[in-house]
Amino acid sequence: MFCSGDDTSGHGVTGRLSPADSDYLAGARRRFVRRLMRATLAVPAALGLLIVFPSLTQASIGVGVQGAPVRLRAVAQPGSSYALPPVYVVNTGTQDESISMHIQRLSHGPGRTVPSSWIQFTDNGMQLPTHKSARIPLELVVPADAAPGKYLSDVVVVGSAAISVGKTNLGVAAATKLEFSVGQGSGPRLGFPVWILWTLAGLLLLAAARLAFRASGPQVRVARKPPSSTTHYQGGSS
Amino acid sequence: MTTRVWAVLIVAILAIAGIGAVNKSAQTTTIPGASTSATVNVLPTTRSITVSPGEATFSDCHRGQWPYHSTSTLLGQPNGECSVGTLGAHGKYPITIDNLGIPSNIEVSASNAVPADNGARWQLCSTQAHPACTGPGGAPGPNQYKARTAASGELNTTALTTDPACDFVFDANGGCRAARGQSRREGIKLIGPARFSDSSASFTITITWIAVAP
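For the protein sequence lines, the chains are A and B, in the order given.
In terms of numbering that gives the first Met the number 0, the first sequence opens at residue 0 and continues consecutively.
In terms of numbering that gives the first Met the number 0, the second sequence opens at residue 0 and continues consecutively.
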């Protein structure tokens with residue numbers, strides 16, 4: 000077998016190959032043909048997949064929120080503010096989204112509906128890149144005239160992106176429960192264990208009783224006469 | 000002398016209280032035996048939903064009366080009808096809704112239609128919910144429209160309202176419970192107003208799918 004080509008200096012090169020070189024070249028040609036056939040088949044196959052599964056190429060909007068309810072462990076007191084656990088949100092779509100949150104009663108069950116003005120959001124309307132997550136802090140502000148009892152509503156996370164069908168904007172939202180209780184308005188607590196409060200109260204009562212006793216009660220004065228070293232007895236004799 | 004005694008007594012009580020508090024906190028963190036512990040933080044389980052609109056626009060329009068009879072892509076009046084996708088037994092339903100997270104109820108709502116000049120809106124009405132459609136036979140009245148989602152094989156169509164309502168596509172038994180990973184393809188049908196006062200060439204509505212706790 001002959002082969003021809005150009006060397007690096009630009010001169011033509013012609014020569015006869017050994018059988019081993021010839022086999023090597025034939026194998027290389029076969030490998031090239033196989034790769035070419037694979038590439039030729041792969042492109043239509045990929046196109047076919049995209050036709051059968053168009054969602055592979057579709058833009059999508061998506062949002063996720065933590066499944067666990069947002070709960071305040073302590074009993075909220077009227078006139079106080081509380082930091083609620085941050086809410087986990089994630090962009091499950093294929094585009095960057097604007098994430099907004101609001102309070103809405105969607106869940107069924109006992110409990111008063113949480114007025115939306117009680118919950119304040121930080122970073123509401125934040126931009127969240129695709130497949131990224133964030134934790135958004137919430138604050139519960141209980142007005143002084145809040146009715147006591149259990150409260151239930153939902154934290155609704157809305158994802159918005161520039162996706163529309165004709166003149167229809169498509170939106171997604173996910174909600175998780177918001178639960179807390181409001182106690183009777185008995186003033187702020189100091190956070191001490193109950194037994195300490197009882198002890199202090201008893202102590203104060205004791206001190207007050209002692210003061211009252213000292214101020215109004217009868218006083219008994221006890222004086223001790225210092226003992227003298229000699230004792231004189233005077234006796235008479237008749 | 001007595002004041003000092005009382006001060007000592009109060010300090011002692013507070014000290015005992017402090018010791019009690021420390022002991023209490025120590026009880027919750029002490030690990031018995033010669034062992035060690037490590038905590039791993041995990042991603043929270045999520046309730047999530049994804050909507051893929053597909054290659055679709057409002058089309059397949061019909062009804063209306065001359066000179067406002069609908070064309071294939073333009074809504075006419077009175078009560079012209081358009082759809083996203085072609086609805087019916089062998090129709091095409093281009094919008095895909097995926098419940099990616101934990102099992103949830105899938106609900107859907109729509110907004111009023113906003114004209115391009117932000118003028119008089121079309122109010123979303125319903126035959127079963129408030130506000131009611133004021134046209135004859137439950138059709139939308141002036142500056143009203145109604146819409147519903149639809150899917151192949153769906154037993155109960157979902158009339159859209161401004162408040163989220165069960166999207167029956169997800170549960171053949173009449174609910175809207177979606178399992179993890181469950182997806183459905185849907186279309187939208189819209190019936191326009193008997194007549195509309197705003198002269199804008201386009202109106203925009205927003206349809207929102209929401210995943211809520213069952």
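It is possible that some hints are incorrect.
[As the list claims (entries may be wrong)] Footprint (simulated), chain B over chain A, 3 or more residues, beta carbon under 8 Å: (1) 58-64; (2) 89-98; (3) 113-127; (4) 169-179.
[To be verified] Far from chain A by the CB rule (all over 12 Å, computed), these chain B residues: (5) 98; (6) 118; (7) 138; (8) 158; (9) 212.
By construction, these hints were calculated from the structure, which means they are not laboratory data.
Quick reminder that beta carbons are idealized off the backbone N, C-alpha and C, glycines included.
Structure-based check of each hint:
| no. | hint | result |
| --- | --- | --- |
| 1 | 58-64 | holds (count 7) |
| 2 | 89-98 | holds (count 3) |
| 3 | 113-127 | violated (count 0) |
| 4 | 169-179 | holds (count 8) |
| 5 | 98 | violated, 10 Å |
| 6 | 118 | holds, 15 Å |
| 7 | 138 | holds, 21 Å |
| 8 | 158 | holds, 16 Å |
| 9 | 212 | violated, 5 Å |
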